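*Asks:* For reference, the chains in residue letters:
Number of protein chains: 2
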Amino acid sequence: MVTVAQAEKIVMAQLKSYGHELVPFQNALNRVLSEDIVTDRDLPPFNRATMDGIAVSHKAIADGIFTFHIKATQTAGDEPVGVDDADICIEIMTGAALHPSVDTVIPYEALEIRNKLAAITADGTRKGQNIHYKGADKRQGDIVAAAGQTVTPAIMGLAASVGKAELLVQKLPRVVVISSGDELVDVVDTPEPYQIRRSNNYTVKAALANHGIKADMLHIPDEAAITEIQIGQCLQNYDVILLSGGISMGKFDYIPKALEALGVEKLFHKVLQRPGKPFWFGRHAEGPLVFAFPGNPVATFMCLHRYFLLWLDAALGLPAKKPVYAALGTDFKFQPALQYFLQVTLNFDEQGRQIATPIEGNGSGDFANLADTEAFIELPMERSDFKKGEVFRVWKF
Amino acid sequence: MVTVAQAEKIVMAQLKSYGHELVPFQNALNRVLSEDIVTDRDLPPFNRATMDGIAVSHKAIADGIFTFHIKATQTAGDEPVGVDDADICIEIMTGAALHPSVDTVIPYEALEIRNKLAAITADGTRKGQNIHYKGADKRQGDIVAAAGQTVTPAIMGLAASVGKAELLVQKLPRVVVISSGDELVDVVDTPEPYQIRRSNNYTVKAALANHGIKADMLHIPDEAAITEIQIGQCLQNYDVILLSGGISMGKFDYIPKALEALGVEKLFHKVLQRPGKPFWFGRHAEGPLVFAFPGNPVATFMCLHRYFLLWLDAALGLPAKKPVYAALGTDFKFQPALQYFLQVTLNFDEQGRQIATPIEGNGSGDFANLADTEAFIELPMERSDFKKGEVFRVWKF
Numbered sequence: 046m047v048t049v050a051q052a053e054k055i056v057m058a059q060l061k062s063y064g065h066e067l068v069p070f071q072n073a074l075n076r077v078l079s080e081d082i083v084t085d086r087d088l089p090p091f092n093r094a095t096m097d098g099i100a101v102s103h104k105a106i107a108d109g110i111f112t113f114h115i116k117a118t119q120t121a122g123d124e125p126v127g128v129d130d131a132d133i134c135i136e137i138m139t140g141a142a143l144h145p146s147v148d149t150v151i152p153y154e155a156l157e158i159r160n161k162l163a164a165i166t167a168d169g170t171r172k173g174q175n176i177h178y179k180g181a182d183k184r185q186g187d188i189v190a191a192a193g194q195t196v197t198p199a200i201m202g203l204a205a206s207v208g209k210a211e212l213l214v215q216k217l218p219r220v221v222v223i224s225s226g227d228e229l230v231d232v233v234d235t236p237e238p239y240q241i242r243r244s245n246n247y248t249v250k251a252a253l254a255n256h257g258i259k260a261d262m263l264h265i266p267d268e269a270a271i272t273e274i275q276i277g278q279c280l281q282n283y284d285v286i287l288l289s290g291g292i293s294m295g296k297f298d299y300i301p302k303a304l305e306a307l308g309v310e311k312l313f314h315k316v317l318q319r320p321g322k323p324f325w326f327g328r329h330a331e332g333p334l335v336f337a338f339p340g341n342p343v344a345t346f347m348c349l350h351r352y353f354l355l356w357l358d359a360a361l362g363l364p365a366k367k368p369v370y371a372a373l374g375t376d377f378k379f380q381p382a383l384q385y386f387l388q389v390t391l392n393f394d395e396q397g398r399q400i401a402t403p404i405e406g407n408g409s410g411d412f413a414n415l416a417d418t419e420a421f422i423e424l425p426m427e428r429s430d431f432k433k434g435e436v437f438r439v440w441k442f
Numbered sequence: 046m047v048t049v050a051q052a053e054k055i056v057m058a059q060l061k062s063y064g065h066e067l068v069p070f071q072n073a074l075n076r077v078l079s080e081d082i083v084t085d086r087d088l089p090p091f092n093r094a095t096m097d098g099i100a101v102s103h104k105a106i107a108d109g110i111f112t113f114h115i116k117a118t119q120t121a122g123d124e125p126v127g128v129d130d131a132d133i134c135i136e137i138m139t140g141a142a143l144h145p146s147v148d149t150v151i152p153y154e155a156l157e158i159r160n161k162l163a164a165i166t167a168d169g170t171r172k173g174q175n176i177h178y179k180g181a182d183k184r185q186g187d188i189v190a191a192a193g194q195t196v197t198p199a200i201m202g203l204a205a206s207v208g209k210a211e212l213l214v215q216k217l218p219r220v221v222v223i224s225s226g227d228e229l230v231d232v233v234d235t236p237e238p239y240q241i242r243r244s245n246n247y248t249v250k251a252a253l254a255n256h257g258i259k260a261d262m263l264h265i266p267d268e269a270a271i272t273e274i275q276i277g278q279c280l281q282n283y284d285v286i287l288l289s290g291g292i293s294m295g296k297f298d299y300i301p302k303a304l305e306a307l308g309v310e311k312l313f314h315k316v317l318q319r320p321g322k323p324f325w326f327g328r329h330a331e332g333p334l335v336f337a338f339p340g341n342p343v344a345t346f347m348c349l350h351r352y353f354l355l356w357l358d359a360a361l362g363l364p365a366k367k368p369v370y371a372a373l374g375t376d377f378k379f380q381p382a383l384q385y386f387l388q389v390t391l392n393f394d395e396q397g398r399q400i401a402t403p404i405e406g407n408g409s410g411d412f413a414n415l416a417d418t419e420a421f422i423e424l425p426m427e428r429s430d431f432k433k434g435e436v437f438r439v440w441k442f
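Those protein sequence lines, which keep their order, are chains A and B. Start counting at 1 in the first sequence, then tack on 45, and there's your number in our numbering. Start counting at 1 in the second sequence, then tack on 45, and there's your number in our numbering.
Simulated from the structure, these hints should not be mistaken for lab results. Every value quoted in this text rests on a predicted model; they were computed, and no experiment measured them. A portion of the hints provided could be inaccurate.
The list treats identical chains as interchangeable, and a pair is accepted whether it falls inside one copy or across any two copies.
Lysine-lysine pairs mimicking BS3-like chemistry, simulated, CA-CA at most 30 Å apart [what the hints assert, rightly or not]:
1) K367 <-> K378
2) K311 <-> K104
3) K302 <-> K104
4) K116 <-> K441
5) K104 <-> K161
6) K172 <-> K259
7) K378 <-> K216
8) K432 <-> K61
9) K259 <-> K216
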């Protein structure tokens, strides 16, 4: 039996890279970069007008010129047009690239334009106004997003702007979600009074999908030989096996025996926590990891978030997520000497403090409760009395 | 010119349902339910053993019987086996359905089993122990998830467990993201020194993808007739048009004229905010909405989160998201009489308080900055001096 902290440490020691792959940048959303994204040009790449109006040389204004002949109209995407005389200006549109001979943009609001003559009607023209300068945001060769960052919508746009049509990203581990047990029937079937429908595997698959993992699913019947063959195949074809149930040491749990026979080394079994005490974790010599969650759906859900997703981020090279804390919204008691993961809803008070309100439902086994809550708050096992206002770490799901 | 609050109110008044559709439940993740999910049986559907051991009638123990003949072994999914005599027990596995003749499960740890005889070795057996009672979580006909809830991984599992292989969900509005301007070239092209690559549209499309919307993209050249034809087609084929740029009143902005010619009514133009002051919002008589965001990528990104996603949730019938607050991590000054959306990173201190640390970069136009921040904090326009520790609303992206 290990503590939550020990279990976390053992899981987090099992990190390896699953390699890299080049994907079209539009498919890279939410993937982890394996390369830096570097600007191919300054950003902006030219002195860019930020208002519609006229572009002039500020020296002309300093010399007392306030009326300008419009030589040309230049819109965004046009080749820049220069001015050769002091009283010449270019009518310019937002986004246009300024010619080196102009350095100030005067907006329409500060102008009167008639017969190709633009007269400045407002005071206080400042040299360089209404220009977003070349390189003001980034210099050519600057890193705009670094290896190890997740590709966010903002980074998608940055990749596009620097011409990175393909991005090198971390490969994702191949994951299979295994359910087992002859008591489980398919969603479309009508169960006998003593049977239930498979559901846990769909929850796990969906939670993984929300974290970018397309997991396969497999159901294994309660039969020793088939169990060993199928788990053996999974160990060859997947990097991670997620099991839900079937791992206790009851007479008809074929999975522990199959794992042992196939050379999966147990790294721990049982964690001082509720839910999820029977959590089993192991590793095959050739790399595959086995997270065997207890059959209780809430336990599976908690362990998935508390251990597997933490491991996944680290395996992909992401920095550890910043811890999220919340204050208990009500007093709470929990006697057993176990780390307790209490289902809560979260909201912010107007002091910016996050409040966790326990929704206990029918205890840790009440899966239906998860539909109405949004996080687990982790209550330390050394204590049994928890007071409103005390702050603990929360795990959002 | 409207305030942020007025703009929000005008946008949020444009709600309509886009209808409903039946989808395979596995495809319903993150969609909004249009129907309640109701249990077809009690949950659990039978008195369920939660430990491996033996099942007995507690009356026998009360009568002084501590050794039981094992009549049969019943595992999860087996038809329940009853006991006919007081000193008879069933060896039972976790998940098995208890026969009405037994009411107590004694785990292996409290037993010594030899030659088909199970002797209780521990004190304090409690009637009903280690049983998850039929209907303890939900009664047949109870609502486990209600219309208007988002289908979370937990709700996926609940749907599976009650046999809902298909779910009725809200249809999503059809959205097109339009970029315009001849200065914009494709990601794979090498721009001329006065051109830039399209990028904003990819950011918007990716942000929408993270909210479940598969948007189409369209680029419109700077040509009046083509602009009108293409926007006209979009008004027929989409529920929402998102424009980025091209909406200012410069000489070569064909889009405002096209929108007017096509009968899109302006509901507001310009909001007292930075970034995003030139934000334009309108509606076509036949329903389609036009969100015309300013060309500045940060402005587009902010308006998308502050207005469009808020509108989207409401249009889909979701309750308003609970506001998120954070305390400023540093003093901050902003003079103009505009609501300022400052880019920040977020973290929790150990008091459970969310702290927003401003990352100003090169001002509101610095798109590269968005890669390193995670929210906008909204600073009221009535003030210009903001102190460390003051709490304001934040908009996570």
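*Asks:* Each hint should be assessed against the structure and marked as holding or not.
*Replies:* Evaluated hints:
1. K367 <-> K378: both (27 Å within a copy, 27 Å between copies)
2. K311 <-> K104: Close neither inside one copy (78 Å) nor across copies (41 Å); limit 30 Å.
3. K302 <-> K104: neither (86 Å within a copy, 37 Å between copies)
4. K116 <-> K441: neither (61 Å within a copy, 47 Å between copies)
5. K104 <-> K161: within (21 Å within a copy, 105 Å between copies)
6. K172 <-> K259: neither (55 Å within a copy, 45 Å between copies)
7. K378 <-> K216: neither (44 Å within a copy, 44 Å between copies)
8. K432 <-> K61: For K432 and K61, the Cα distance exceeds 30 Å both inside one copy (41 Å) and across copies (45 Å).
9. K259 <-> K216: both (12 Å within a copy, 24 Å between copies)
The structure fails to meet hints 2, 3, 4, 6, 7, 8 from the earlier list, while all remaining hints are met.
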